[in-house]
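Asks: Now for the letters of each chain:
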Amino acid sequence: MRPRRRLKRNLRRTPGGLLKSSPDRFWRPHSLNWRSMANCVPSRLALIETAQNADGGWGYFPGKESWLEPTVYALLALAGEPWAHQAIERAGCLLRSWEVGSGGWRGCARVTEAHWATSLMVTLHSAMGIYDGATRRGVDWLLSTRGAETRAVARLAHWLSPRTVEFDAALSGWPWEAGTSSWVEPTAHALMALSRVARRGEHAGLEGRIAMGQAMLLERRCRDGGWNYGNRRVLGADLPSQPETTALALMALDRHAEIRWGEMLDRVERQWHQTSSPLARAWLGACLLQYRGERPESPCRDLGGDILVRAVEAIPWNRILTAA
Amino acid sequence: MACHRTRSPVPVASKAPVAIVRAASYGTDLVDCLEQGAAACRLQARGKRVLLKPNLVECERGGVIHTQAELLAAAVELFERLGAAEVRIGEGPGHRRDALFLAEEAEYRRAIPGFDRRFTDLNRDDVARIAPFAGTDEIYLSRTALAADLVVSIARMKTHHWAGVTLAMKNLFGVVPGALYGWPKNHLHQVGIGRVAAELYRILPRSFGIVDGIVGMEGNGPVQGRARACGALVMGHDLAAVDATACRIMGIDPEKIEYLRLAATRGPVAEARIEQRGETIASVQTPFALIPEFQHLRLV
Chain A
201 MRPRRRLKRN
211 LRRTPGGLLK
221 SSPDRFWRPH
231 SLNWRSMANC
241 VPSRLALIET
251 AQNADGGWGY
261 FPGKESWLEP
271 TVYALLALAG
281 EPWAHQAIER
291 AGCLLRSWEV
301 GSGGWRGCAR
311 VTEAHWATSL
321 MVTLHSAMGI
331 YDGATRRGVD
341 WLLSTRGAET
351 RAVARLAHWL
361 SPRTVEFDAA
371 LSGWPWEAGT
381 SSWVEPTAHA
391 LMALSRVARR
401 GEHAGLEGRI
411 AMGQAMLLER
421 RCRDGGWNYG
431 NRRVLGADLP
441 SQPETTALAL
451 MALDRHAEIR
461 WGEMLDRVER
471 QWHQTSSPLA
481 RAWLGACLLQ
491 YRGERPESPC
501 RDLGGDILVR
511 AVEAIPWNRI
521 LTAA
Chain D
76 MACHRTRSPV
86 PVASKAPVAI
96 VRAASYGTDL
106 VDCLEQGAAA
116 CRLQARGKRV
126 LLKPNLVECE
136 RGGVIHTQAE
146 LLAAAVELFE
156 RLGAAEVRIG
166 EGPGHRRDAL
176 FLAEEAEYRR
186 AIPGFDRRFT
196 DLNRDDVARI
206 APFAGTDEIY
216 LSRTALAADL
226 VVSIARMKTH
236 HWAGVTLAMK
246 NLFGVVPGAL
256 YGWPKNHLHQ
266 VGIGRVAAEL
276 YRILPRSFGI
286 VDGIVGMEGN
296 GPVQGRARAC
306 GALVMGHDLA
316 AVDATACRIM
326 GIDPEKIEYL
336 RLAATRGPVA
346 EARIEQRGET
356 IASVQTPFAL
366 IPEFQHLRLV
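Residue numbers (the numbering used here), protein chains in the order written: chain A, 201 to 524; chain D, 76 to 375.
Quick caveat, the hints were computed from the structure, so don't treat them as lab data.
Values in this document were obtained by computation on a predicted structure and should not be read as measured data.
Each residue gets a CB set at the ideal place from its N, CA and C atoms; glycine is no exception.
Some hints could be false.
[Claimed, not checked] What follows is a set of in silico ranges between Cβ atoms, one per label pair, in the way DEER data are often shown:
hint: 1; chain 1: D; residue 1: Asp-212; chain 2: A; residue 2: Gly-263; range: 38 to 48 Å
hint: 2; chain 1: A; residue 1: Gly-505; chain 2: D; residue 2: Thr-355; range: 30 to 40 Å
hint: 3; chain 1: A; residue 1: Gly-405; chain 2: D; residue 2: Asp-212; range: 24 to 34 Å
hint: 4; chain 1: A; residue 1: Glu-313; chain 2: D; residue 2: Glu-135; range: 44 to 54 Å
hint: 5; chain 1: A; residue 1: Arg-310; chain 2: D; residue 2: Arg-124; range: 51 to 61 Å
hint: 6; chain 1: A; residue 1: Asp-368; chain 2: D; residue 2: Tyr-101; range: 42 to 52 Å
hint: 7; chain 1: A; residue 1: Glu-458; chain 2: D; residue 2: Glu-152; range: 46 to 56 Å
[Unchecked claim] Over the 12 Å line for every Cβ pair with chain D, so calculated as not near, a few chain A residues:
hint: 8; residue: Pro-242
hint: 9; residue: Ala-317
hint: 10; residue: Ala-415
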């Protein structure tokens, strides 16, 4: 069978069934090499495993203290690997100790408040089939968290000076930190987490909050069609989009009707080839994997010690985000 | 942290030395220029662990957003010549997460041998708690920055659409970890840009400032402004004095910049409290264009 035909057949087998179900044409034959990264993933997973800290977590770089974000990504990457079960167990012990009583998880051992990466923990729990009290409290924390731009004082300031930062103050996503404004990346992660939980149909209030978060993302879209880190226009000047935030926003807008998906995914693929940012490339590849079932071949290049990039490139996002 | 010291108010009688050194372009012998400034300020670095803190808030190849690679490379050489025990480079970019990519785009990896080995992404560093902070309970800062014997803030001379200017003090925002506060570090804007800059100045007293006015940015800075050549470097131990001098060169009244007004309780901002060395302000003064919202900052 010719490679392209084989790939199309495989795409039909992807959990989301995108090729068959979408009215838009996700798959576009491409002259570039679309072989999978199967050769690189095992080496990345091995490197991730060796970078695990004694406390069971991962730092952003080997030898650094453990943080929630790289630890969750490392676990999402390792979760399907039988040989990694001991590493996963150790990490699980650490993460259980990081749960905050009022819901959510702390960002690292030194900080006591719930952290924006709580959304990643909810995604991890969903991916591992866990829906326990900690998950529910994490979801509640996400539901109780919103950007500060919807507060009365902030809305008044925005009404008095709408040109300073142009956005719809009625639409709220998620902030990096409680009490601050909504931004694209934490909103995208929260939407990905809540969308998975919503499929269970056991948690009230999710659909409305997801719709609001998606509306916020759509409203913050830049004139060039992608997403900046959070704003589209400041002091009368358009902001340019960035590839990593564009990829994350698309991942969170899961088949939203207002996106011309074929066009956007072609753009994501072009950016994947053009960018020299390993982080941007990791998220662009994750986006392509989620919607097209494959990501372009990435050479087994030296990524330095960046655990986050290594892990994002090794996570099976299509299985994690599209499976029911 | 046990080893941590904060800045005490400077006695009113003493004057802070600030050097102004002419440098027409980045093709000039910048190490020589920096050595002149360092000598004028009696900079001592022997045996110290030095952290060079450039500004990489965003990057546009060939643009004037970030600290120029040639200047950063010259600073590495300066501190090695001065006998520093270690010269590290650290930055926590405010907008984009991929710090090494920004460093690549800024050509730091080309200009500085062993850049990756020297570099720490301060956004994703280990952190230490400082409490209280600018009227809030606490803040967490990069441990690499807090542990350095000398933090050298190397900033481009730029206008800033929220703070008026961004110079050596505002550049310290990069020691606040994005892993906790995000991209951008919106928390700092909520607390108040002025209060945060003044507080970081208090918390990091073992510092040295280098403001690059060879080519600065005017108008809608710190990202979308226009290039403005001034042809001068401003250097000194006291970041408030360095920034106040840079403001005067830009034709901006430093006492109308909130963070400098707040810092004035601990450091020298008034002209009478700064000892100008090297070139005079008048000889290099280059008025920077200001957005309409900041016309009132103009030095009269």
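Asks: All the hints need checking, so say for each whether the structure fits it.
Replies: These are the hints, each one checked on the structure:
1. Remark: the range hint 38 to 48 Å for Asp-212/D to Gly-263/A is contradicted by a beta-carbon distance near 30 Å.
2. Evaluation of the 30 to 40 Å hint for Gly-505/A and Thr-355/D yields a failure: the beta carbon distance comes to about 48 Å.
3. In this structure the supplied range 24 to 34 Å holds for Gly-405/A paired with Asp-212/D, their Cβ-Cβ distance being about 31 Å.
4. Between Glu-313/A and Glu-135/D, the C-beta spacing of about 35 Å breaks the proposed range 44 to 54 Å.
5. A hinted range of 51 to 61 Å is violated for the C-beta pair Arg-310/A and Arg-124/D, which are about 22 Å apart.
6. At roughly 44 Å, the beta carbons of Asp-368/A and Tyr-101/D sit within the given window of 42 to 52 Å.
7. In this structure, Glu-458/A and Glu-152/D meet the distance hint of 46 to 56 Å, their C-beta atoms being roughly 53 Å apart.
8. With a minimum CB-CB distance of about 24 Å to chain D, Pro-242/A clears the 12 Å threshold, and the non-interface call stands.
9. Distance check for Ala-317/A against chain D: the nearest CB is about 9 Å away, which does not clear 12 Å, and the non-interface claim fails.
10. Against chain D, the non-interface label of Ala-415/A holds: every CB pair exceeds 12 Å, the least being about 20 Å.
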